[in-house]
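Trainee: Two chains, two frames, some hints: make the complex.
Read top to bottom, the protein sequences are chains A and U.
Those letters in the first sequence? Residues 1 to 116, by my numbering.
Those letters in the second sequence? Residues 117 to 225, by my numbering.
Do not take every clue at face value.
As the list claims (entries may be wrong) - With a straight-line Cα cutoff of 25 Å, these simulated DSS-like cross-link-like pairs (lysine-lysine) come out: (1) U:Lys224 with A:Lys14; (2) A:Lys66 with A:Lys20; (3) U:Lys224 with A:Lys41.
To be verified - Chain A residues, not near chain U, derived (Cβ > 12 Å throughout): (4) Thr17; (5) Lys41; (6) Ser43; (7) Lys66; (8) Phe67; (9) Ser83; (10) Pro86; (11) Glu87; (12) Ile93; (13) Thr116.
Keep in mind that the hints were calculated from the coordinates and are not lab data.
The C-beta atom is built at its ideal place from N, Cα and C for all residues, glycine as well.
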Amino acid sequence: GAVVSQHPSRVICKSGTSVKIECRSLDFQATTMFWYRQFPKKSLMLMATSNEGSKATYEQGVEKDKFLINHASLTLSTLTVTSAHPEDSSFYICSAARTSGSYEQYFGPGTRLTVT
Amino acid sequence: GIQVEQSPPDLILQEGANSTLRCNFSDSVNNLQWFHQNPWGQLINLFYIPSGTKQNGRLSATTVATERYSLLYISSSQTTDSGVYFCAASYNQGGKLIFGQGTELSVKP
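Chain U on its own, in the form it takes in the complex (with noise of 0.2 Å):
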C-alpha cells in the first residue's frame, strides 16, 4: 500500500522565523492533506491539495503529483504555531488516508 514519509521529525525555530516541511508519498494520490494537531487532540484541516499551491495567510503548501512530494511553508512563526503537523494521502476511491509519522514543531519566543 501506499507509504507517506515526513521531515523532520522535529523542528525547533525561533519565533519569526520560517520553515517547510516535507511529505513523500510512493504512489499517485487522489487526496493529499496537511494538519495541525492541536494540544487538545484535535487535527485541524490546513489544507486540501493533491495538487498545485495554495496559500492561507502564513501558510502555503504545494504538492508535485508527477514527483510525488508536497511541501508545507510556513512563514514568519508564531509561538502558537507549535504542535505536530501531519500529511495524509490516499491513492484509492475508497478514500481512507495513510498519514505520515508528522513533524513535532517547536516555536520559541
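For reference, chain A alone in the conformation it holds in the complex (with noise of 0.2 Å):
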C-alpha cells in the first residue's frame, strides 16, 4: 500500500504557542510532500510544496514565517505553525508522492488545530 500518517490528530493550544505537526510517508519514499489546509464546509487549498532537502516553495497568500515546512528526509515533513492565532484553527492534511512512478498523492488523516 501507499499510507501516509500525520501527527498528532488533534490538537488545542494557547494563542501565541507554537505547534508542530509531522507528515510521514510509512512504506515509500517521498521526494516531495504537499501541506494543504481545509476550513469547514469547504475545498483543500494547498499552502505549500515541501521538497526533501530544499526550501518549501508556498502558494501565494500564505505566510513562509508563519508556517515553517521542513523536510529533512525522504519520508518526513513537518509543519510548524508559529505564534499560532485563533485564525490559524483549521484542519491541515498533508500528501506525498513516490519518487518515482506514477504522480498519483496519498494523503495522511489531517491534524485538527484548534487555537485558543
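Mentor: The following block contains the structure:
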C-alpha cells in the first residue's frame, strides 16, 4: 500500500504558542510532500510544496514565516504553525507522492488545530 | 493556473440509486484523482485516472483528457457512500493538486 500518517491528529493550543505537525510516508519514499488547509464545508487549499533537502515553495498569500516547513528526510515533513492565533484554527492535511512512477498522491488523515 | 470545477455541488439519493459526478478541468493534466472524504476528514483515494476508464466494485471513473472532463459513477448507492467527493488535478511535474469544490452526496435509507 501507500500509507501516510500525521501526528498529532488533534491539538488544542493557546494563542501565541507554536505547534508542530508531522507527516510521514510509512511504506514509500517521497521526494515531495504537500501541505493543505481545509476550512469547514470547504475544499482543500494548497499551502506549500515541501521538497526533501531544499526550501519549501509557498502558494501566494501563505506566510512562510508563520507556517514553517521542513522536509528533513524522504519520509518526513513537518509543518510548524508559529505564534498561533485563533484564525489559524483549521484542518491541516499533508500528502505525499512517490519518488518515481505515477504522479498519484496519498493523503494523511489530517490534523485538527484549535487555537484558544 | 488550472481550474477544477465539480458538479453538482449537492446530491441526495435514495439507497440503491445510481449517480454520476462530473469534474471539468481547464488545461491538460498529468494527474487526475478522485477522493471520498469520510466523516473524520480522511481522504480516501478512489481513482488515479489521468485518462481512460477504471472500475472498482460499484464505482467506476472515466477521464476524457482531450475534452477535459472526468466522470465518477456510483452504482447501487449505499448509505455508507455518503460524504464529500473531490476531484483534483495537476498539470506540471511539480505535482501540486488543485481541488474542485466537491460534491456532497447524501444517500438516504
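Trainee: Indicate, hint by hint, whether the structure satisfies it.
Mentor: How the hints compare with the structure:
| no. | hint | in the structure |
| --- | --- | --- |
| 1 | U:Lys224 with A:Lys14 | violated, 41 Å |
| 2 | A:Lys66 with A:Lys20 | holds, 12 Å |
| 3 | U:Lys224 with A:Lys41 | holds, 20 Å |
| 4 | Thr17 | holds, 23 Å |
| 5 | Lys41 | violated, 8 Å |
| 6 | Ser43 | violated, 5 Å |
| 7 | Lys66 | holds, 20 Å |
| 8 | Phe67 | holds, 16 Å |
| 9 | Ser83 | holds, 25 Å |
| 10 | Pro86 | holds, 20 Å |
| 11 | Glu87 | holds, 19 Å |
| 12 | Ile93 | violated, 7 Å |
| 13 | Thr116 | holds, 20 Å |
In terms of the numbered hints stated before, the structure departs from hints 1, 5, 6 and 12, listed from lowest to highest.
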